[in-house]
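As you go down the protein sequences, you meet chains A and B in turn.
To convert, count from 1 in the first sequence and add 1; that's my numbering.
To convert, count from 1 in the second sequence and add 1; that's my numbering.
Any given hint could turn out to be false.
What the hints assert, rightly or not - Covered stretches of chain A (in silico footprint by chain B; criterion: 3 or more residues with CB under 8 Å from a CB of chain B, positions within the stretch not fixed):
1. 111-120
2. 280-286
Said to hold, decoys possible - Pairwise CB distance ranges, derived in the manner of DEER restraints:
3. 67(A) with 304(B): 54 to 60 Å
4. 171(B) with 283(A): 53 to 59 Å
5. 205(B) with 119(A): 22 to 28 Å
6. 171(B) with 4(A): 27 to 33 Å
7. 103(B) with 170(A): 38 to 44 Å
8. 291(B) with 4(A): 30 to 36 Å
9. 265(A) with 82(B): 44 to 50 Å
10. 119(A) with 44(B): 51 to 57 Å
11. 91(A) with 304(B): 39 to 45 Å
12. 205(B) with 91(A): 24 to 30 Å
13. 119(B) with 328(A): 56 to 62 Å
14. 103(B) with 327(A): 39 to 45 Å
Unchecked claim - To give an idea of the interface, some chain B residues facing chain A are shown, with a C-beta separation under 7 Å as derived from the structure:
15. 10
16. 29
17. 30
18. 33
19. 152
20. 199
21. 205
22. 319
23. 324
Think of the hints as simulated: they come from the structure by calculation, not from any bench.
Every value quoted in this text rests on a predicted model; they were computed, and no experiment measured them.
No residue lacks a Cβ here, since even glycine has one placed at the ideal position from N, Cα and C.
Number of protein chains: 2
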Amino acid sequence: MRNPAPRETILTLFSQTPDGFVSGERISAELGVSRTAVWKHIRSLRQAGYLIEAIPSRGYQLLQTPDVLMPEAIQSGLECRWVGSRVHCFDETDSTNLQACRLGDEGATDGLVVIADRQSSGKGRMGRRWESPGGVNLYASILLRPPILPFEAPKLTFLSAVAVCRAINICTGLQPTVKWPNDILLNGAKVAGLLNEMSSETDQVHYVVLGIGVNLNMNAEQFPEGLRYPATSLAIVAGQVISRLDFTRTLLQEIDALYQIYLEQGSTPILSAWTELCDLTGKSVQVDCNESQVEGTMIGLAEDGALLVRTAAGKIESIYAGDVRPA
Amino acid sequence: MRNPAPRETILTLFSQTPDGFVSGERISAELGVSRTAVWKHIRSLRQAGYLIEAIPSRGYQLLQTPDVLMPEAIQSGLECRWVGSRVHCFDETDSTNLQACRLGDEGATDGLVVIADRQSSGKGRMGRRWESPGGVNLYASILLRPPILPFEAPKLTFLSAVAVCRAINICTGLQPTVKWPNDILLNGAKVAGLLNEMSSETDQVHYVVLGIGVNLNMNAEQFPEGLRYPATSLAIVAGQVISRLDFTRTLLQEIDALYQIYLEQGSTPILSAWTELCDLTGKSVQVDCNESQVEGTMIGLAEDGALLVRTAAGKIESIYAGDVRPA
């Protein structure tokens, strides 16, 4: 088990008291530090935006939690077995995936999470750019070390997709759909994108990084001109501000739960859940592959994650890379 | 086209003159530098071990080429289309694969070669150690950026294996055999090992690194105690010292030729060539997999690179990871 940081322990204590009060003595005992040290931790939480009052003879009271992404707030009481074992939060980084890969090369353990408030070089699929303004969205990368063969790993994209859809549904009540291979849509517009990367040798995965970008509170003016596909945010569709902290915690817990299912039962339940979230299943689609185009009826996913399309001639095509749209 | 380094140009000029003489004037004109600069390049080649005499009125004469692995010597006249576009030679590095991966992350181009005289943390398959003493062997990593899907990449191990066998045969006349998935044997003892690594996203390979370790001139005393399998070197079997430079150049050319075949015709010819080099095809084998053991007759390779074994019950097992040995 990891050792929680002092600020995380304090936040957990606050969350566990029904009246919101925690005595300095209690915190001091729990952390095994002096009352002066407790006061310094409280001050650092206040500096991070927590509204904490000190009431003589009753102790500290947490009045307001800011919507900041910091490890202690994300980890406090997080119900995860793997995901979030370590959490790194950056104000700015080039790309959370690049950070996670670098940490993976240095031996980072299973479940590491890298989050950035903004990305200077946010990456989309196939070297495309992912718009990453600060203060509004979630840019997260989760490093996993599953005991699988490299050819199994691409299917983990479906795990991220299902987790993002579930987190959106839990936090907003909205029901997103998925678009093969790595997009999440609300009302047909892109609200989240996934970029999974892997480092492997021939018969062993070193690590997989699940890169997840979710447009939470971006407003219409923040989207650049000339996007390949229409884009939106949860706030635009839900008509309300989304708590980045709540969303992040929910998402990490959903990923963790699905990862446990994956490790115990394999990818079949994950692929089924993804197929149910895909509104193009059974519909006419057109798929732009690198050098060709396939038209037909989308049947679903093959066992290996390929998109299955039945052409007019009755042939079933297995597609491993391409852009799909309704025909 | 890359621009050859001055020392490479000089070595190429030496190799092109039938009498071994090249005038300082000629070198000066070819490089577009002063006679003093030519003299400095000649001096640096001498310092690297080249025996070069200066004969008044006739020019420079190359009398002896040392067996050192340096980029200019490897690249001079190398007949490759991709491999060797850049060559980095280290006296010592942690692992040529790690170096090549780091350079790959930084954007190194297709065909980069990393060579080290010795490795402080030479890597074998599955995190095992690869003995890497200095001055005797070849430790090389070749970075490729093939336009393929990640699940195709593991098959490139067979490409390295065939290339190593061909280079051994060309340089010594010996006929090695291959052992699935990544060993090269001479008289049943391991003479070379392969460790291919990959960085990829779901539907795109960023790069593949072909890691190749060949025991060229190691003597019996240099092998550590308690190796998993018997090991040998080309010099031990051939009874003669092997030129590291000749072997390296031959190997890179063989990899390049096979890579061209792979890009044009796919993996089928590579898998066929590998199967012909495998002396266990059609024989009884035992395969230790992670949690199970498979016994039967080795049939060959599946299209996806899996080892195919027909069990006594007549079932054909496809094996993706394991250690195979004669039953």
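Each hint tested on the structure:
With a cut-off of 8 Å between beta carbons, the region 111-120 of chain A has 0 residues touching chain B; three or more are needed, and the interface restraint is violated. Look at the region 280-286 of chain A against chain B: 0 of its residues bring a Cβ nearer than 8 Å to a Cβ of that chain, fewer than three, so the hint is violated. At roughly 56 Å, the beta-carbon separation of residue 67(A) and residue 304(B) lies within the given 54 to 60 Å, and the hint holds. Restraint check, residue 171(B) to residue 283(A): a C-beta distance of roughly 57 Å satisfies the suggested window 53 to 59 Å.
Our hint of 22 to 28 Å for residue 205(B) and residue 119(A) holds, since their Cβ atoms are close to 25 Å apart. Evaluation of the 27 to 33 Å hint for residue 171(B) and residue 4(A) yields a failure: the beta carbon distance comes to about 58 Å. Taking 38 to 44 Å as the suggested C-beta distance range, the pair residue 103(B) and residue 170(A) conforms, at roughly 41 Å. A C-beta distance of roughly 32 Å is found between residue 291(B) and residue 4(A), which places it inside the suggested range of 30 to 36 Å.
Between residue 265(A) and residue 82(B) the CB atoms are about 48 Å apart, so this pair conforms to the stated range of 44 to 50 Å. Separation of residue 119(A) from residue 44(B) is about 53 Å and conforms to the stated range, judged on CB atoms against 51 to 57 Å. At roughly 44 Å, the beta carbons of residue 91(A) and residue 304(B) sit within the given window of 39 to 45 Å. Here the CB-CB span from residue 205(B) to residue 91(A) is close to 25 Å, well matched to the stated 24 to 30 Å.
In this structure the supplied range 56 to 62 Å holds for residue 119(B) paired with residue 328(A), their Cβ-Cβ distance being about 59 Å. The hint said 39 to 45 Å for the Cβ distance between residue 103(B) and residue 327(A), and at roughly 43 Å that hint holds. A least Cβ separation of about 36 Å between residue 10(B) and chain A goes past the 7 Å threshold, and the interface hint is therefore violated. This hint is violated: residue 29(B) has a C-beta 45 Å from the nearest C-beta of chain A, more than the 7 Å allowed.
Interface hint at residue 30(B): violated, since its Cβ lies 43 Å from the closest Cβ of chain A, which is beyond the 7 Å cut-off. Annotation: residue 33(B) was flagged as interfacial toward chain A, and the flag is violated, the nearest CB pair being 38 Å apart, outside 7 Å. Among the interface hints, the one on residue 152(B) holds; its C-beta lies about 4 Å from the nearest C-beta in chain A, closer than the 7 Å criterion. Interface restraint check: residue 199(B) against chain A, minimum CB-CB distance 5 Å, threshold 7 Å, status holds.
For the restraint placing residue 205(B) at the interface with chain A, the shortest Cβ-Cβ distance is roughly 6 Å, inside the 7 Å limit, so the hint holds. The closest approach between the C-beta of residue 319(B) and any C-beta of chain A is roughly 11 Å, which is over the 7 Å cut-off, so the hint fails. Against a cut-off of 7 Å between C-beta atoms, the interface hint on residue 324(B) is violated, since the closest Cβ of chain A lies about 10 Å away.
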